[in-house]
Amino acid sequence: MSSLSVVRVYEHEKYRNVYIVELDDGSSRLATKNLVPGKKVYGEHLFRWENVEYREWNTYRSKLAAALAKGLKELPIVPGQRILYLGAGSGTTVSHISDIVGLKGAIYAVEFAPRVMRELIVVADERPNIIPILEDARMPQRYRMIVEEVDGLYADVAQPEQAAIVADNAEMFLKDKGWLLLAIKARSIDVTAEPSEIYRREIETLKSRGFDIVDIIHLEPFDKDHAMVYAIYNRK
Amino acid sequence: MSSLSVVRVYEHEKYRNVYIVELDDGSSRLATKNLVPGKKVYGEHLFRWENVEYREWNTYRSKLAAALAKGLKELPIVPGQRILYLGAGSGTTVSHISDIVGLKGAIYAVEFAPRVMRELIVVADERPNIIPILEDARMPQRYRMIVEEVDGLYADVAQPEQAAIVADNAEMFLKDKGWLLLAIKARSIDVTAEPSEIYRREIETLKSRGFDIVDIIHLEPFDKDHAMVYAIYNRK
Amino acid sequence: MNKKIFIADTVIGAFALDENGKIVESVLYPKDIGKTVEELLQLSEGKVNSVLNQLVETLKSKVDLSSTTLVIEDSSLARELTQRGVAVEVAVAPKQILEFRRLLPKISVELGLFKDEDEFREYLHTVSIELTRRKLRRYAQKRDLLAIQAIRAIDDIDKTLNLFATRLREWYSIHFPELDDISKEHEEYIKIVASLGFRDNMVPDSLVKIGISEGRAKRISEVAKKSIGADLSEMDMNIIQTVANIWLELYDLRQKLTDYIAQVMKEVAPNVTALVGPLLGARLLSLAGSLEELAKLPASTVQVLGAEKALFRALRTGGKPPKHGVIFQYPEIRKAPKWQRGKIARALATKLSIAARIDFFTGRYVGDELRSKLIERIEEIKKLYPKPPKRE
Amino acid sequence: MNKKIFIADTVIGAFALDENGKIVESVLYPKDIGKTVEELLQLSEGKVNSVLNQLVETLKSKVDLSSTTLVIEDSSLARELTQRGVAVEVAVAPKQILEFRRLLPKISVELGLFKDEDEFREYLHTVSIELTRRKLRRYAQKRDLLAIQAIRAIDDIDKTLNLFATRLREWYSIHFPELDDISKEHEEYIKIVASLGFRDNMVPDSLVKIGISEGRAKRISEVAKKSIGADLSEMDMNIIQTVANIWLELYDLRQKLTDYIAQVMKEVAPNVTALVGPLLGARLLSLAGSLEELAKLPASTVQVLGAEKALFRALRTGGKPPKHGVIFQYPEIRKAPKWQRGKIARALATKLSIAARIDFFTGRYVGDELRSKLIERIEEIKKLYPKPPKRE
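Chains as they are written, first to last, in the numbering used here: chain A, 1 to 236; chain B, 1 to 236; chain C, 1 to 392; chain D, 1 to 392.
Honestly, the hints are just simulated from the structure, not real lab data.
Just so you know, not all the hints are guaranteed correct.
Listed next, the in silico DSSO-like pairs over lysine-lysine satisfying Cα-Cα at most 27 Å (straight line) [to be verified]:
{"no.": "1", "chain 1": "B", "residue 1": "K236", "chain 2": "C", "residue 2": "K106"}
{"no.": "2", "chain 1": "B", "residue 1": "K104", "chain 2": "C", "residue 2": "K31"}
{"no.": "3", "chain 1": "D", "residue 1": "K106", "chain 2": "A", "residue 2": "K39"}
{"no.": "4", "chain 1": "C", "residue 1": "K31", "chain 2": "C", "residue 2": "K106"}
{"no.": "5", "chain 1": "D", "residue 1": "K4", "chain 2": "D", "residue 2": "K22"}
{"no.": "6", "chain 1": "D", "residue 1": "K106", "chain 2": "D", "residue 2": "K95"}
{"no.": "7", "chain 1": "C", "residue 1": "K95", "chain 2": "B", "residue 2": "K236"}
{"no.": "8", "chain 1": "C", "residue 1": "K184", "chain 2": "D", "residue 2": "K22"}
{"no.": "9", "chain 1": "C", "residue 1": "K95", "chain 2": "B", "residue 2": "K175"}
{"no.": "10", "chain 1": "D", "residue 1": "K95", "chain 2": "A", "residue 2": "K175"}
With the sequences and hints as input, model every part of the structure.
Next comes the structure, spelled out in structure tokens:
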């Protein structure tokens, strides 16, 4: 019923190109500058401030937003980067990364479910920096013709062998010292509790395949099942 | 889009028959038990908890809710009371008082604008404890046939001589030691600043006509223009 | 020094009190809401009503009014009574009246008018609402026309609900053709689609949550598992669900319009509404064009409103004229045996004609009387014509 | 020891690299999106496509393949090439290919294919979207039927928008009759009612805020001040505004359906869509019943789809058969002089028939060619028949 009124908008102190929208009900929201003004992607709020349109970045809908809200050490995504995104879904997080990297950047968005890809393609149609790829992330050779060398790898694949999948993709496409953001399953209600066995094994796989772990952030209360792993890749 | 999920509901520590609804987004709302389950009055949220339905009491829409949120010294309204309500509007606050006083109570709801009364009558139709009166609060003799002696007087009349109007009505209908809640214009952005001349004069009028002021609460940020005066009446 | 008598006007009648607050005389209103409202309306306009008049007359005959002053709270009343040669004084809330006001609920029970104070307040509530409606009528500019537009909007919405429901059934059947047969009622069908979407979501629990009975929920979920329908994408389902949601909104709007019409009709045509309900009442207004037009129609025309086609056909061909138009929706006509219908229709039309006139010219509420007279007449018809007429 | 040659498959072609990563041979894809997509589709299915085949043949003629091993990243391709007697080794991301992948945007510019890297990525974006659509077709169960339902829903909505707009104009005119004349366009009229409500709110500023030009805003506000309409209550206005808001929602839904149809049609019938756009394309599907039915219709029937009534009338009466059905909506027919219309309609129908067949049987995109051929033919018709035929 009531519409939200913006009090002010300013850039996040720690995460450049991410904005904070303060509302008149006293709350504030994360947001990115909308690359395609007037268009929503997943029903998020749009805010205008000083002639710029911002899109609410919903911390309950996007794990990356949740990781930022929980204080991830840094946001490695910057304008102009090329990024390989595994498990792009219908484009919620992809669209915000698209806002951040801007028109000089590119996101290679891999998604295997046709049901979901049909929505992602609508987003990609409007955003020239999203390159949709309907393939299985477990077989990166199938999209070798499309993806170039990338600066970063974002993965949210909900597969049992996610660390191996990520490493295989990194080997083919990720540059040396490139970054990885991996949303990893870590079902543990108690934040302080020890992570599960599987989770630990996945982290080990990452390390053994060249990743230096920089930070791990649990995403509750926004997402109770996942943690976000931030790592840097070292080519042998 | 997202629907609000109730975490728990409990009675307000200070204000009996007012409830606090805790939601899963971490926020909480004031509420009253809905006298007419399933029916909304002004687009407010309805919440179910342990088989009881509660109606959100919106602090931005109801000055009384705002006064409670701002910590009014006490809530003099209790079940079974008879109340005279001047300036009933379309029934937002009236409906919550109706929830509180219950079926043994009665609210004599005076409103002079036909445009607005047409909405109030719909609310009164569903709530047997609301007695609608289409009259001018400046002429209490016009509704002397309807109103009985009341335990309390609530006024939100936005008239220049509101204190006098309130006193005239009290003289005819309010019992000795009965309470007054008066929403009074006090446009002063700075909470600590001195109230305006008019506002001071109104308070003086109240005192000279038998009211002991118990508490005055400014309603910002919920309402920037008003304060709530809580007083007790002494018949000469 | 003069004696004083205090006049307390209340919802149950006018009371004369002595200086100790004791009742010396009283005249009660009849326990008839319509009449009481008329009386109170006069008081609230500052006019002496018949009950107050009667009280004053009675006092005249019993008390020496030349040595007595009447104390009254309203200055207009005081002026009117003064003009009649009665000594009157205006006072705000003298303690005698104040005390009486405090005790009124109790007194009304003691007088045997109500069984308890709750019943008193219930009565007060009803009277106040009717009184307020009567006052609102003064501001009722063209509100009959608003009721007419609203009832026509309902017809528009009904057409649309049907059109969209048919479309949704065809559309969603691409995914789950079997549901069309299992769920015959539009509202249920569309609620299922809008809230669950893909047939994979149709587990018994979720179906029960949206109000399907357990047995049917089980059945739907089993059929869903074996469906021969095609798989859809999220975006295909989204657009179908968007249409389904707008259908539900329209359905909701239909209910809002119905409630709205009820409110408006009670104000602009309370007597017509008392006879046939707000919706049929509004349809009659709609067919006549306005309350004024309806009030001016002869009962015979009211009887066939909405059957114009049949009427003109009859006039042209010399056939039998129709016995009833839209008033056929009145349950007592619809349920009656054929040979009684024309007679009941005539009786109803006659009462409707009277009701419309009172609604238009005065707005006084006599609906209860009209209704009970109509019911009487219908019973009579049923008794007089229990069997079909013999054919000759 | 054997020499190694590394095969890099890219979006611009297949490259053979020596051990230093230098290009020794290459075959480029034509800069035609439809064809490139077909080639890439084969690669992504693990099949050797014509360009890769050509590269291998060229290598055979230039290099001694018996002492050379081809290094390739995809094992299916490796298997196929091995069967042809070529020595192949599978390797994941050898540094030569890795480096080539890194430099590809730059190389593609150096080769003169694009003016800068931005243009390269733009091309990549378009190719990827088309490639993805082609892949999605494999999962496209009955999506032609979904497009058909969506276009029919648009027709249903258009009917409803009209019905409700007429109702709202009548209704709101009770309050502000003058607006009906000033604001002729439904969308504007209803936006004014929905967002401003009472005519007292129609001050120029508020009107400008919702997109009315300043001049008209002033005019509306002046007329509002002098309106002869009746005063309404909040509740009267609320219900009118609720209906107005649902109208705006329906209007919005219409746009969503249009966007949806565009997406679906690009996937299920890209060639038909290239010729006549998604909406007219979907109407043709709707009239035929499905893509399959449309593909099976002779061009002469496609030409008169949607003019069945006129056709049957002609057959019955021996009159002139219709020259065009729904394809009359195609701008080039609508805008052409009468005597050219039949001929253009025939040309379009012929191309549509071909397009529908390719869409149904292969899904290959040849839309650009079809369209340019059609435009050529239309120009020809315009030149050949510049004047109306003489009557004899």
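Each hint, compared with the structure:
1. A distance of roughly 25 Å separates the Cα atoms of K236(B) and K106(C); the hinted pair therefore holds under the 27 Å criterion.
2. A threshold of 27 Å between alpha carbons decides the hint, and for K104(B) with K31(C) the separation of about 22 Å falls inside it, so the pair holds.
3. Annotation: proposed proximity of K106(D) to K39(A) is violated, straight-line Cα distance about 33 Å (limit 27 Å).
4. For a cut-off of 27 Å, the pair hint linking K31(C) to K106(C) stands: about 17 Å separates their Cα positions.
5. Under the criterion of a C-alpha separation no larger than 27 Å, the hint pairing K4(D) with K22(D) is consistent with the structure, at around 12 Å.
6. With a C-alpha separation of about 18 Å, the suggested pair K106(D) and K95(D) falls inside the 27 Å cut-off, and the hint holds.
7. Using a Cα cut-off of 27 Å, the hinted pair K95(C) and K236(B) holds, with the two alpha carbons roughly 11 Å apart.
8. About 70 Å separates the Cα atoms of K184(C) and K22(D), which puts this hinted pair outside 27 Å; it is violated.
9. For the hint pairing K95(C) with K175(B), the CA-to-CA distance comes to about 12 Å; that is within 27 Å, so the pair holds.
10. At roughly 12 Å between alpha-carbon atoms, K95(D) and K175(A) fall within 27 Å of each other, so this suggested pair holds.
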